[in-house]
Amino acid sequence: MKINYSHKLTILLLLFCSIKSYAQTNSIKGKVISDKAQPVIGANVILVGTTIGDAANEKGIFEIKNVQYGIYELEISAIGYEKRKVSNFRVNESTKPLTVVLKETAFETEQVVVSASKFEQRVEDLTVSTTIIKPDYINRRNFLTFDDVLRYIPGVQMNLEQVSIRGSSGYSKGVGARVLVAINGIPLYAGDNGDVVWELIPLSDIERVEVIKGPASSLYGSSAIGGVINIITKSTSKSSLFYFKSYIGTFDKPKHTEWRWDDSYRTFYGAELNHSNSIEDFSYTLSLKKFDNMSYRQNDYSKRYLAHLKLHYNFTPENYLMFFSNYLYSNRGNFLYWKNSQKALVPKDEETGNYVKSNRIFNGLIYHHEFNREFSGELKTSYYRTQFDGYGIEHTTSIASLFRAEFITNYIISNKFTLTSGVEASYADVKSNIFTNPEFFGSGAYIQSEFKGVKDLIVTTGFRYDYIKLDTTAGKNAFTPRLGLNYKYSDYLIFRASLGTGFRAPTPAEVFTTAGVGGGVDVKQNPNLTSESSIAFEIGTQYKPCENLFFDFAFYQTDFNNFIEPNLTKDGDIQFINLSKARIQGFEAITDWSILENELKLIFGYNYMWARDIAKNRAMKYRPRNIVYAQLKYSPTPFDFGIDFRYLSKVEEIDFALVEPPLALVVDGEKRVPIFVTDLSASYSFLIGSAPIRLNLNAKNIFNYYYVEFIGNLAPLRNFSISTEIYF
Amino acid sequence: MNKHLSYIFIFLLIISLWSCDKGIEPGEPKGPGGFSGKVTFIGNWPSGVTRTHLVVFKNPIQSSDDFFPPNLTFVADSIPYRTTSFEYNSFENNFIPIFQLGYGNFKYVVVAQSKTQNLSLDRKDWYVVGIYCINNDQSKAATLIVEPNKITPNINIVVDFNNPPPQPPM
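Taken in order, these protein sequences are the chains called A and B.
According to this note's numbering, the first sequence is numbered sequentially starting from 1.
According to this note's numbering, the second sequence is numbered sequentially starting from 729.
Keep in mind that the hints were calculated from the coordinates and are not lab data.
Glycine included, C-beta positions come from ideal geometry on N, C-alpha and C.
Hints are not guaranteed to be accurate.
Stretch by stretch, here's where chain B covers chain A in the computed footprint (C-beta under 8 angstroms, at least three residues) [stated by the list, open to error]:
#1 253 to 262
#2 338 to 347
#3 657 to 664
#4 670 to 684
#5 703 to 709
Please model the complete structure; the sequences and the hints are all you need to start from.
Dropping the structure here:
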């Protein structure tokens, strides 16, 4: 074939052009970090519509090479984070490195590993209803204390500071909690009255919160009769990381002029500095926080300081030692009940000026050792010292020291059979002028198995024995077995069922309290108080018809025997007594709908609950029949808007004995309404250098709805706050 | 997108209708009420009576538990033995000051006696000798209505030892 020169020239020109064209490429480089300035290892960065992409390395750095000049859309995703898209990204000779900030997902319903069962499981493998909360939700909403977080979890109800899961508790001033709250699996209840002090929980160090709904006594013993809230703290940072948060807010004035007791706006504010770092195998986190609240009510102020320290040492990648310590100082007014409904924000005359000072220190030590890949052990010890002094007409005081130790083993016998077992012991010593000076001793042993021998079926069985000895009262034994089933019918449909037992030993406060509650009414001892027990079952299903829609349904029933409740005695005093029988039945539905992927999301939860005293055939106190939660979130990066709504129907039963004659301690205490609370939130995220910053605006109870969670205690009025968070 | 925005709008509208500026409101100022009257005794007093009280119950006694608070709401001062008439006022003659009558309807107002040496709170240690009743028919208890800030007068009870009223359940 003969090729003339013109053809040769044409071919050369074409070659040159193609070479030139081939050279018109550049790399897309960048870094993927979390909104806490941590590298998101393994984050996938792809060019939408192609298979071209890269995964972020251990420093969060990625590089997509040889990308032709042009305009692209990038998609960045990672498990546990909200997917993000970067549109109109131009690749040319001057393309600069890109920093992408991924937000952690707020709620997780699947594909998350939880450890509330004392070994790691995927949520979808659990046999009981579970909700996981991620820290993003806590920060975005500017929750000041952990109990506020719990108000927005389907199936969880707060009566003032007392938590109740599916109606497990009414209100008894925090005494004798029926939900076990734990930090890294170590129970956080006081040695005297068994209450949980929510302010002691360091919100900035939360990795996730696992809420197990239903009795878990077969693993956790007493107090877990209603469920477990396990707070997992974050891993310490691999490099130096500071976190600073400050907030300020104000309560609106009440609409009703009768309620205005202060002409100024009541404010709340706080600041927190958190630092985390690693030096080879040693790492630490230190956090200091001050938070004050003038409150919307008279004599309801609080001034608090919280210090949190966490030390972590890796002997090997598998074996580690962790120590954490939380210290809380609190000085607060002691608002018990309103004066009356005309003076709803003012305490009763005799309570004006009353205040409580308290010091609490909670220390935990965890040693984890993997003997081999199949067998591991963990030793958990804790020391919790609480001290409070109440100043009023009488001086009340209590100092309680609670020591606790637990040894857990986990044995993976085969890939189908896992065995978890443990022993634990606790001892409490109380010195008090209202609880007398009792001692408490408890011990327990448990074993739990998970069997996956049948295709798509998981069977868990467990058994626990406890021995409880409260001072001079007779020692008590408790046996709590449980059985759970989880069946994956398909990738979209999972069924679960569980049958469990629970028990709760009375706390020293319930047995030995002798104190006045005002108006000449006293709380009296009841040395005959015995443990309460329960048997509960649940059947539930998870259904995921498509990628962006998720449903969870559950029916549950719990029968209580010897249920402990405060009661008015024949002498006109208050005493904790054992009710004969109580039953709680209910239905719960939760849906999670991503209306627009990563931008618009709706979470909806409904709980119907019928809690009744069987002997008297009447409702149990402070248990609403209907609870609705709805959360709508719109997140057009870098903004984030949210609406949170909750509805609780009017409670049928309250402490009528305290409200009505003859005692009538709480004037107008019968005033109660259904609860409708709507909160708005907005946040804006941006970078200064490589430091992620977020501004949060919150308006809580935006419609200024007036309600009570407990008699004579008006809930917070409409309030506005602004908070700033920065990681550097 | 418009459809989704309309969902949000409807959602906001519903919750605002439910909750805007509503909820608990200050009630009318209500002070405690009271009642007054006279207890008249006919016939011979039984021997061995150690205490006699006018007692107010919210509801008629259906079981022994109803004999005590919170159903028991008011106890007047002890009436001296062999008294023929006793005038009282609930504000001035409150035997247990921590018990406050408040206001409302009280469906069982009686005079009760006990023969125990020490004050007993056992139902079996008390017997009813007179009832605030309709048309002197002691089988038909009248309702005492106490209004806030007011004293309801003429709550008169006749105790006829020769014609004792029906006893509530033990």
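Now the hints, each set against the structure:
no.	hint	result
1	253 to 262	holds (count 4)
2	338 to 347	holds (count 4)
3	657 to 664	holds (count 6)
4	670 to 684	holds (count 6)
5	703 to 709	holds (count 6)
When each numbered hint is compared with the structure, no violation occurs for any of them.
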